[in-house]
Amino acid sequence: MDFKEIYKVYLFFSFFTNTFLNDGFLGGVMVDKVKVQFYPLDLTYHIINDKAVIYLFGRAVDGRQVCIVDEDFEPYFWVVLKNEEDIEEFVRKVEKVKVEEKKDVASVVKTVVERKNFIGEEVKAVKVFCNLPKSVPVIREAIKDWDFIRTINEFDIPFTRRYLIDKGIIPLTLTEAEVSAYSVKSRVDTFKAYKVKQASEDSIKEPRILAFDIETYGSDKGRIDSKKNPILMVSFYGENFRKVITWKKFKTGHDYIEFVEGEDQLIERFKEVINMQKPDILTGYFSDGFDLPYLHERAEKYKIKLDIGHDFSNINFKRGLSEAVSINGIAHIDMFKFIRRVIARRLETDTYSLDAVSKEILGEGKMKVDMDNLSDVWDNKPEEIEQFCEYNLQDSLLAYKLCVKLFPNLEELVKIVGLTPYDISRMGFSQLVEWFIMRQTPEFNEIAMNNPHHDDVGKRRMQTYAGAFVYQPKPGLYKDIAVFDFRSLYPSIIVSHNIGPDTLNCKCCKDKAEYAPTDKKEYYFCKDKKGFLPSLVKEIIERRTRIKDIIKKSKTKNLLLEARSEALKVLANSFYGYLGFFGARWYSIECARSVTAYGRYYIHKTIEKAEKEGFKVLYGDTDSVFLSLDGKKEEDGIRFMEEINEELPGVMELEYEGFYPAGIFVAAKMSAFGAKKKYALLAKDGSIKVTGFELVRRNWSLVAKETQEDVLKIILGEKDNDKALQHVQKVIKDLRDKKVSNEKVIIHTQLTKEIGDYENKGPHVAVAERMKGKGIEVGAGMVIDYIITSGKGIIRDRAKIPDEVNEGDYDSDYYINNQVIPAIDKIFEVLGFKEEDLVGGGEQSKLGKFFK
DNA sequence: GAGCATCGGGG
DNA sequence: GTGTACGATGCTC
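All residue numbers for the first sequence refer to the working numbering, where the first residue is 47 and numbers rise by one.
Keep in mind that the hints were calculated from the coordinates and are not lab data.
All values reported here derive from a predicted model rather than from experimental measurement.
Ideal Cβ positions, reconstructed from N, Cα and C, are used throughout, including at glycine.
You can trust all of the hints, since none of them are fake.
Below, in silico cross-link-like pairs of lysine to aspartate or glutamate (EDC-like), each with a Cα-Cα straight-line distance of 20 Å or less:
no. : residue 1 : residue 2
1   : K655      : E701
2   : K751      : E394
3   : K294      : E307
4   : K594      : E703
5   : K846      : E815
6   : K880      : D756
7   : K751      : D780
8   : K79       : E117
The following label-pair restraints were derived from C-beta to C-beta distances:
no. : residue 1 : residue 2 : range
9   : H794      : S836      : 14 to 24 Å
10  : I684      : K190      : 51 to 61 Å
11  : K324      : Q244      : 16 to 26 Å
12  : D766      : G629      : 46 to 56 Å
Let the sequences and hints guide you as you build the complete structure.
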């Protein structure tokens, strides 16, 4: 054991003197409870003396990192009985429940009876407290089949989240605790708390952000293997701090490069740097999925503990389809996850590589270095390593800048939803909505609804419903397009029509029911009592309106307010999808159906009116209408919009999105939730706005990818359809004539498991088998490159290793039909071109149908 | 057409 | 840890 274990006992007087609000002095006598104010960042709990104790970590107002230990919180769940007369008997019985498993005992500690709201009904509910958090599901399981129970709820709320909600503590927001001395093994100053509560709306000023990134050996082999390949360097970037640590020495003028003896020393230094820098936020790009798992694997090899938690705990791995890594006390934010889940909609880029994302958000990309050379340089040319250190540092710098720039957005979501930055940064919209609702349950005295059982999820998935209305555009190019949008269409419908599970088909309004315009007219919503969810949506909309007013009035740009407005908008817009999401607690397909029915109703009304007034309707989708001015002026369009708005109820509003001199519309594929948007517009400033074209994935060949890009550029930028057509014809002809180099027809596909484990063999598996036969080592994680060669038989038998394929010996038809044409067919379809036009007249053969 | 597999990000 | 992904698309059978 060569690391220092620090046991700290604090002397209060010295610590508090100039730090805290202090009402502890009474008549010159010091009482030993004092107040500490801090911004919570993260929390965990430990079992101490058979009791769950909360550890709340944060940055105190004086800049120190602190840990507040709160013993005053117990796990519980809710029970609602069929008959309220049975409560006494139930309470007597449940308080005796004990479940013994091995050494552990799960027991009921006490019960409390309270009046609560449950799906629009007032009920007497029993709050059942358990000895430990993990006892909650055990006790629930033991009693769930008891006869007098109608429902058991809130038995699966993680203990730390329950704590934040019930205590009304919002991370990153000024919190005050009454504390006294506490002695515990900790990296930060720790206190025992008596009272913990939110002190004000104040937010943490400037959290200490530290970004890191690693580079590993073996990047040229197309395989990431943390068991074999060492970490070569690790970089850090923070405010006034930059460092690259590596273990091969070379001459360098960079003072930020530090040399250590080997990979094990690198890992030790990694830990030391974090402990010394004391970040509030540790960030990386894909650090959940790459850097931290890789570090963990390498650390295990040397039996090094990655015990960087404030409580000396190891970093925690949540394994599963998506990995996540948490560090007790430090908010670990994987910028990739946050950007892809929350920011993505606002971005133009289709790929979320660090380079693409940074270029768009920061206007600065990665350093251009040929990473294929890293291993070779490392082994043979140490004098050239420096450039890779620069590259490594740049990656940390980008992650740092992304985190700083997007922190306001994360912070606002944290403050609205009320969970830790770690949790919030990993949530998708449905989760954000759900936990926002959960956070509001105490104020509305609501019992939360339950997550669906596995069987229910299956049933819910089967249920479909009519989606949005789509006015299908006629394929082609159009001039002078005015675009209108309903502002927050679905949220405004939910509020205006009081749509929620607890107002659905209520008994009180049966006689005066106003049915939602679904086909069967079977759903109506309460006219008298505001529903729980519509009340929440209304509050969100009103809050946002207030904030937008402030933004409009203020002359300076306020990033925080803009982020808050954006967060509220995103949240409101997600409620509808949440109601129809199979995994939702407050799932209600009836509500979701009603929302879309009203949506269709209003867009139909708008289209009818537009046509009546002589506009040509080009396209409409969900909440937007594209009109061709058809000789009319832009002002006429705006007047039309104002007329519509006079007729709309309540908060609903049609807005003017913009004017476009030209646009191309693409027939869209239908799905359960309506048609996908697919169009490209030319804006007044000459820029091209593309919506809905498929992502180019790595298992597309270069020839397909390049052709798609070129065609869009030519049609939209140069407005020369024939030139675009000629371009595709040339690519197809080149493929036929084998003039396209093999390099451009290579397809890359990753092996996700060992080749023996495949039941269905894709082409890459067949190739991998053949590689193995040749003595090349293959395994899970490796990316297989292959070319589909000409010949007969199924695709996988014709997939070959690129080295084995003679130049031009690829299957032209495959690349034309399965790669190039799918990449551009929809574009040409809307221009009215036919397959023959693309492939060249007369040469019809085995080509698949162009129009599908 | 059902069902299985893979994509993403990272080096 | 009182929990965990997701939505789209291509290939095989």
